[in-house]
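Enquirer: Below, each chain spelled out in residue letters.
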Amino acid sequence: MNMSKNEEKGNGEEKGRVFIGDLDTVAEMAKKTLLKGTIGKMVDWANAFSLWPVHLMTSCCGCEIGAAWGPRFDNERYGSLPWVSPRQTNLIIVEGTVTKKMACSVRITWDQMPYPKFAIAMGACSLDGGIFYNSYNIVRPWQVIPIDIYIPGCPPRPEAVSRSIIELQKLLRNKSIATNWLKEAKREDMKNIIPKEDLCGWRGEKVDINTRFT
Amino acid sequence: MEASSSGIPHLPGMEISELSKNTYEVYIGPAHPGSGHMRIIVEVDGDIMVRVDPDIGFVHRTMEKLAEGRDWIKNIPLFERMAILDACNITLPYVEAVEKLLGTEPPERARYLRTLLCEINRIASHLYGTGIFGVFLGHSTLYMWAFGDREVFVDLAEQMSGARLTHSYPVFGGVRRDIPDDFPEGARKATRYMRNRLNEYAKIFLNNPNIRSRLENVGVMSKNLATELGIVGPNLRASGVRYDVRLNDPYEAYGDLEFEIPVFEEGDSLARAWARIEEMRQSLNIIDKVVDWLEKHPRENFMHEKFWKTAPKLYKDVYTGQIEYAGKYRIKLMPLFASLKVPPGKAFARVEAGRGEMVYYVESDGKDVPYRVRVVSPSFRNVIAFKYLMPGHRLMDLPAIYGSFDYFPPEWDR
Amino acid sequence: MVGEVKKLISIQDLLKNVLKDNIISIEQNKGYLDVLVSTDKLVDSAKKLKDSGFDHVKSVTAVDYIGKKQFKITYHISSYLNEELSKYIIGLSTVINRDNPHVPSLSKIWVSAEFQEREVYEFFGIVFDDHPDLRLLLLTPVIAALKPLRKDYVVKEESDDIEADYIAYNTNKWW
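Protein chains in written order, with this note's numbering: chain A, 994 to 1207; chain B, 8 to 421; chain C, 432 to 606.
Warning: the hint list may mix true and false statements.
Beyond 10 Å from chain B on every Cβ pair, some chain A residues (computed) [stated by the list, open to error]: (1) A1020; (2) T1031; (3) H1048; (4) R1065; (5) R1150; (6) Q1162.
As a list, the in silico DSSO-like pairs of lysine-lysine whose alpha-carbon atoms are at most 27 Å apart [claimed, not checked]: (7) C/K479 <-> B/K81; (8) B/K374 <-> C/K587; (9) B/K230 <-> C/K461; (10) C/K539 <-> C/K582; (11) B/K374 <-> C/K518; (12) C/K461 <-> B/K72; (13) C/K500 <-> B/K374.
Just so you have them, the derived chain C footprint on chain B, three or more residues with Cβ under 8 Å [claimed, not checked]: (14) 64-73; (15) 148-157; (16) 179-193; (17) 203-217; (18) 245-255; (19) 346-360.
Hints were generated in silico from the structure; no laboratory data involved.
Note that beta-carbon positions come from the ideal geometry of N, C-alpha and C, so glycine has one too.
Just need the whole structure built from these sequences, with the hints factored in.
Expert: Pasting the structure below:
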C-alpha cells in the first residue's frame, strides 16, 4: 500500500520523510535512533542471558564445570547452556592449564565463533601457571585469546563459576558491549591478539602426507 | 599399507583389513562433545572404521619432570591433579612407596581412614564416568542424575578432608586428620540413599531398550585379548578376568574386610557399564563396615610416632580434646615434612584406583628431592584398546565404546 | 613373615630355572624383584618369561644415570591369569650406553608395551629397534627435539620463550 506508492515516486529525496523501501538507509537510521534507550538495554539484556559456552574442556577444572552445570549448582537459570558447536555459541571458558598442543585448538575454536564473544579464564593455572609453574609445555591463555574475566582457585568452587557468569553479565550490560558491536561492527575494548608463533610447531608448512602423524 | 605388513602382532580374535582406496580421514578433535581432551584420527571406508589412531598429549603438564625438582611432600598435591576426582587413590601408591623407603608403617586407624576415603572416591569416580557416558550417548537425564548423586559423596569427602576435590589426605606415616563426630550418621544416610538409587539407575539406563540396542554386542573384548593388551579396571573384569589389586595383593585395610568382586563374561560395552554399577554396590557395603569399625574403636593415633612427636602444640591440643574443635583454627603440618630426606633405594607400589590399577616407581638417592618418579595411570594402559578393538565397527559406535572404557585424558597425559 | 620369605625364595628359584644363565644379578627391592640381563639376551629372556606365565607389562621405565653415563631400562611385568604369579612383580632391566642408545623392542612379545615404548622414545631419545610404529606420542616435534626428561635438560625460568625452542628444532632434526 504505502510502500508501492513511495516506490513509484522514486527514492524520495525530500527532507523529513522516512525512506521506506531502501533497506540499507533505513537500517542505518534505525541503528542511530532506536539503539539508545530501552531497545538498546533490551539487546544487552538478551545477550547477557544467553551466554552459551562451547564444549571445550582444556584441563582438570573441567570437573567443576560439569558440576557447575549440574543439578546442585544450576547455571542454566542464568540462561547459559553448554552447546556443541562453536559457530552457535558466544562464550569460551578456558579452564585450567593450556598446553602448547591445546592452544592451537583453542585459537581455532575462538576464531570460528561469531561476535560479540567473550572469554573467561578459570583456575590458578590461567593466571601464572599455577602449580605447574616452570613447565616446558604450557602457555598462558592471555597469549592466545583476549580474556574478560579471571577466576582464581585451584579448582575454583562451582559457586565461583556462577559468580563469574554474573560478573560477565554486569560487565556486558554496564558497558553496552552488544549494542556497541551492532553500531560499530567491532569490539572497541578488545585488541586482536596474534599468538607469538605457530604454537603447535608445524609452522604452517605443507605437511608430507606420509609423515602426517609425526 | 605399511601397518599391516610390517609385523603388528596378530592377536587372537582380531583381523586387520588392508587399506582400500576409498578411505578418508576424520579428525574427531578436542572441541567435540564426544571426545574429551584428545583427538582421535579415524580412517573410514564408507561407514566402517578401518584404522584408529589416538592422538593424545593435549593435557601433558610434565609432572614427571616437575617432580624431580620439588620436595617429597610437595609432590602429593602435584600428583593429585592427574585425576582430580579420585585424589586419594591417585596419591596413595606414591605415599606407600615412600613409606617403604622410609621404613615407617601407618598405624591401624590411619589404614581404615585411608580405606574410607578411597571408597568414597571410587563411588564418586564411577558416577562421573557414568554421567559422561550419558553425555556421549545423548542421555542427558543420566548426566543430571549422576552429577546430582555425586554431590552427596563429594560432600562426605569435604567433611573428612576439608576440600571438595583435592584432598591431599594421605601423608607419609598416616593421614592428615581424623573424622568429625557426626560423620558416621551422615555416611549411613548416604549409603542407604544410594542403594535405592542404584535400582533406579538400572531402570533408566541399563535396562532401557534404546541403550541396550546401542551397547549390546558392541566392542566385544575376549578374555585373551584383554590379557594381551594389558587392560585394567572394570573393563578387565567385564571380560571375565578375575583380577583386582585389592584381592590379589591387599593393601591398607582391605585384607581384613570381606567384599566381592563382580566379574562378567560377555565383554561388551553393556557389561562394562554393569561392572561399574555393581562395583558401586560393593563399595557401599565396604563403607558401612569401615564406619562401624571407626565408631567402635577409640580415637587414638592416626599418624606414625616419628612425625607425630614433632607436631605443633595446637595440632596436638585439638586432637586430644583440650581445645574444642570449632573449625576456626588454622593448623599447620609438621616442619619435619618439609626437610625430609629419604634413604636411597628403589620402590614400587600399586593400588586399585577408580579406573583401574595405578602404579608408581620411585627412586631416591638420599637427597630431599626424588631422583625419578615414574607413574603409569590406568587410562594410559587402556588407550591401546582404541587401536586394536575399534576397527571393524561403524563410526557411530565410537562414542559407545569410548564412553564405556571411562577414559580420563588428564590421567594419561600427566 | 616366614611364609613370605619362603615364597620369595621360591620365586627366585623359579626365575633361575627359567632364565638359567642370562641373569647378571637378582636384587630384591622394596615391592619388586629386579632382574638384570644384558642387552643381547633381552629378547630371549622375555620369551622365556612369557612362556612361563607372565603375560603383561605394567610399566616401561628409563632412568638416566648421568654420572655413570648410562640409561637403565626396566620392564615391570606380572601376570593376570596365573593365580600364584599375580602376587609378584618382576622388573626385567638392562643397562645401555648413554651416547647412541639402542635397545631391541619387546612389542612383538608383549603388545602392552607398545605405547609405553613410544613414550620412552620421545622423552629420552632411546631408539627401540624393530618397533612396529615408532613415532611421537605426547609431545610436539619442537619440544621432543630437546629430549626433555634427560638430566641435562634444565627448564628455563620463564616457560613461554618459544624462540629458543625453535633453535633446537632447526639444528636437531633427529626423528
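Enquirer: Of all the hints numbered above, which does this structure not satisfy? Sort the numbers upward.
Expert: 3, 4, 5, 7, 9, 10, 11, 15, 16, 17
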